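*Asks:* Spelled out, the chains give:
There are 2 protein chains.
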Amino acid sequence: MKKIAACIGGGVIGGGWVARFLLHGWGVNVFDPAADAVRKVEEVLANARRSLPALADVAMPEEGKLVFCDSLEAAVSDAQWIQESVPERLDLKHKILAQIQQFCAVNAIIGSSTSGFKPSELQQQSANPGQIMVAHPFNPVYLVPLVELVPSASNTTETVTKAQTLLTAIGMKALLVRKEIDAHIADRLLEAVWREGLWLIKDDIATTAEIDDAIRFGFGLRWAQMGLFETYRIAGGEAGMAHFIGQFGPALAWPWTKLMDVPELTDELVQKIADQSDAQSGMHSIRELERIRDDNLVGIMRVQKDANWGVGEMLKEHDQRLAEQTPSSVQVTDTSLPISTYTGKVFPAWIDYNGHMNEANYLHVMSLATDNFMKIVGADSDYVENGQSYFTVETHIRHIDEIKLSERLEVKTQLIAQGPKKMHLFHSLYHPDSGKLLATGEHLLLHVDLKLGKSCPAGEVVQNKLAVIFAQHCKLPQPEGAGNAIKGPL
Amino acid sequence: MKKIAACIGGGVIGGGWVARFLLHGWGVNVFDPAADAVRKVEEVLANARRSLPALADVAMPEEGKLVFCDSLEAAVSDAQWIQESVPERLDLKHKILAQIQQFCAVNAIIGSSTSGFKPSELQQQSANPGQIMVAHPFNPVYLVPLVELVPSASNTTETVTKAQTLLTAIGMKALLVRKEIDAHIADRLLEAVWREGLWLIKDDIATTAEIDDAIRFGFGLRWAQMGLFETYRIAGGEAGMAHFIGQFGPALAWPWTKLMDVPELTDELVQKIADQSDAQSGMHSIRELERIRDDNLVGIMRVQKDANWGVGEMLKEHDQRLAEQTPSSVQVTDTSLPISTYTGKVFPAWIDYNGHMNEANYLHVMSLATDNFMKIVGADSDYVENGQSYFTVETHIRHIDEIKLSERLEVKTQLIAQGPKKMHLFHSLYHPDSGKLLATGEHLLLHVDLKLGKSCPAGEVVQNKLAVIFAQHCKLPQPEGAGNAIKGPL
Chain D
39 MKKIAACIGG GVIGGGWVAR FLLHGWGVNV FDPAADAVRK VEEVLANARR
89 SLPALADVAM PEEGKLVFCD SLEAAVSDAQ WIQESVPERL DLKHKILAQI
139 QQFCAVNAII GSSTSGFKPS ELQQQSANPG QIMVAHPFNP VYLVPLVELV
189 PSASNTTETV TKAQTLLTAI GMKALLVRKE IDAHIADRLL EAVWREGLWL
239 IKDDIATTAE IDDAIRFGFG LRWAQMGLFE TYRIAGGEAG MAHFIGQFGP
289 ALAWPWTKLM DVPELTDELV QKIADQSDAQ SGMHSIRELE RIRDDNLVGI
339 MRVQKDANWG VGEMLKEHDQ RLAEQTPSSV QVTDTSLPIS TYTGKVFPAW
389 IDYNGHMNEA NYLHVMSLAT DNFMKIVGAD SDYVENGQSY FTVETHIRHI
439 DEIKLSERLE VKTQLIAQGP KKMHLFHSLY HPDSGKLLAT GEHLLLHVDL
489 KLGKSCPAGE VVQNKLAVIF AQHCKLPQPE GAGNAIKGPL
Chain F
39 MKKIAACIGG GVIGGGWVAR FLLHGWGVNV FDPAADAVRK VEEVLANARR
89 SLPALADVAM PEEGKLVFCD SLEAAVSDAQ WIQESVPERL DLKHKILAQI
139 QQFCAVNAII GSSTSGFKPS ELQQQSANPG QIMVAHPFNP VYLVPLVELV
189 PSASNTTETV TKAQTLLTAI GMKALLVRKE IDAHIADRLL EAVWREGLWL
239 IKDDIATTAE IDDAIRFGFG LRWAQMGLFE TYRIAGGEAG MAHFIGQFGP
289 ALAWPWTKLM DVPELTDELV QKIADQSDAQ SGMHSIRELE RIRDDNLVGI
339 MRVQKDANWG VGEMLKEHDQ RLAEQTPSSV QVTDTSLPIS TYTGKVFPAW
389 IDYNGHMNEA NYLHVMSLAT DNFMKIVGAD SDYVENGQSY FTVETHIRHI
439 DEIKLSERLE VKTQLIAQGP KKMHLFHSLY HPDSGKLLAT GEHLLLHVDL
489 KLGKSCPAGE VVQNKLAVIF AQHCKLPQPE GAGNAIKGPL
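For the protein sequence lines, the chains are D and F, in the order given.
Everything in the first sequence is counted per our numbering, starting at 39 for the first residue and increasing by one.
Everything in the second sequence is counted per our numbering, starting at 39 for the first residue and increasing by one.
Excised from the complex, chain D in its bound form (with noise of 0.2 Å):
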């Protein structure tokens, strides 16, 4: 069955649900009357195309077909999943809850994107209240892997389940949150810490831009990876929780927040924090702050995944799925011609100062496609475990063409020679629209025994393996280059 989304409202949080599912390979329908609703949803689908692709090491889907609807009706009809993103309000909601259940079908199920009200409330005056659940995501939604499931007594473990399953699927984390309550969880520390900063800037005691930086410079950087109760934990010592909590408790009693009272939104305090944002940000567009905010996203949540940590750990099961779902490159039946070893798209980390790609990241590049190679011929992360593995003694790259951002990229490998303890791989760095031809790396791996750390012959099966391929590379013309040392420039 094709897969179909419906996006009920085109804003900054249902714009980010179109592309999230879109880049995924589903198809999306939009229903937004307002006037601009295309504008708006193409550029955050802009901003997607250029950062989501940067968090997955292996190929994404194909995109999906994005359909612009007159009526709600078209748009619900053959989906799916139906997000609903209008303004908070419940009456609204209902009205277009309503709506939407007059159309779709009825196994499809209904997110709300609603950050504060209870699902038992959105299911009010519904015939079929349990397709309808709360599915509350984090801006930018098509980077911010959170996602809020909140059912009430309505819904069956059956549909719950279905639900976290394909938000799993489209690479967020599907926090099931167990007891519907006013604003769910994230929203509820959010609404905590907001009323505290209205304080603060009200009182005078520091302006928005003090305040941000009391949380980037400080705790924000401890709550990227780990939360409030690990990062306690931790903090109490060897003695852990019990002993943290024995030395803060004592200030639970102590006039530490202002938060038994509420500040009033006055027309005034409205403007001084509007004045004081401009002052911090306004230098830059939002357009700008966007993109700043989305590669320091990426790069923040990649230092996770090479720690194979929090979110990072979550990618990592995220490309499995993807790599299931998707021809992988690992897979290989025809050995005849080079192998294909590497397909990606540049990240934005990779590029340089002058604006291309990083030399660093061509090594890196090559070194990805040789991880693959070795998992092609068997020498695999359990082959590692095993205590063998293959080091890089020798590489020569030859960088021939300029590489920019967000291009495609695929490597070729030749294996040019090879022996029990070694083998000799070529690969060639391509444009794969283009054909062009971007580096070369030429590379001696030796086989080494991890414990001793010394060179050993491959395992048989490798061994076998290097061997078949070999059979047919050795066929193939030497590639242009190989086996040549640098010229010197004069």
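For the record, the hints were derived by calculation from the structure and aren't laboratory data.
All values derive from a computational prediction rather than experimental measurement.
The C-beta atom is built at its ideal place from N, Cα and C for all residues, glycine as well.
Don't take each hint at face value.
Stated by the list, open to error - What follows is a set of in silico ranges between Cβ atoms, one per label pair, in the way DEER data are often shown: (1) D/Lys-442 x F/Val-506: 29 to 37 Å; (2) F/Leu-443 x D/Gln-510: 34 to 42 Å; (3) D/Leu-128 x F/Gln-162: 47 to 55 Å; (4) F/Glu-362 x D/Ala-317: 26 to 34 Å; (5) F/Leu-375 x D/Lys-492: 30 to 38 Å.
Assemble the complex: chain D is given as a structure, and chain F must be docked to it using the hints.
*Replies:* For chain F alone, kept in the frame of chain D given last:
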């Protein structure tokens, strides 16, 4: 004058201060009568030594001398900065501050690590209140840059400026809190979240693990780089802050937090939190969690350094300061021998699954050395901004020995050939202590006009500097391996 800091209290926070001062070249006197103080400080120091230098791209100063003192008098008498990090009881802080002031220099600055007390409270009973201030840091103190500097009316502007300069010099973001208030700024926000979190646990809405996931998969990722207000400014879309407040302002009147009330910290609630925290994080020791956290923090901050944003902009400024203090590899006077173009330590993020430096980072180090060589010959960032640069066209790396975490590295560079449009460099990567050769990199670079995207002769100054160096380097023997091709494996 020799820089001496005294740290009174050597727990998690005190030990973090010790590490930050020591690794920035300060002598540090510690006074902590606890039996295990030496062990605890040494453990924090071990964490700091493996992570803090990974934030810098220039050499850190030589570590200062660490002295554990038998008396408070011995610790503070010759110190210019005294940091008090004793438990959070006002009577105890008054007692310790009085003892410090009995023995310290009148112009020394006394910083208190207090999370909550106002400076005017700490200054009560003091004959010299002007030397006492709040300098509230965040765990881990050796990595998280934020320190809230809170003066009272008793502190002169001169003292405040001196304190800010000093804290900046040890790599901190000294946020001046202009108006004293209980819990300063960051802890007010944290306290609000903490109280809300306790309610969520008490009411069985969420576990510690679920709350942490709601943070680190969601807004925590945003807050590592932008704070509350800049994030919301973007969320408001093109209409910005005022639109956002207009949209979410009404929620202030809704019951989205429990913070009008404070949960009672019963034994039962403490046990519940401790049990949930064990289930969430108990598979890792505190030491493991610390290292995971520190590696992530380094990575998250380095991402922003690449983007020259927030904490990363600060780190770059700090590099500048460090470079001015320590002999820079770029200030070259003797060019008769290969030139030292890089000194540094192996970062955690450079280590692969085998526990060795990843092959791409050999080239990364080589390219940092090339950047420095370019600066030495006058092809610096101004030169690039004026539209010309060198691009690497060919690279030959030999991986001679394994490189492990935290190893010190040095690159020496020989100019083996040059011409108006080209330079041919040979980098030798050494372990500077043992003199062991770890890798070599041979690189051919082409001088280009960035606007035309074509090669062109270098500027006269650059050509002359290259000629001067080459006149000496051409008399040196060709480095072993220069000009070689990769030999086949059989």
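*Asks:* Any of the earlier hints contradicted here, and which numbers?
*Replies:* none
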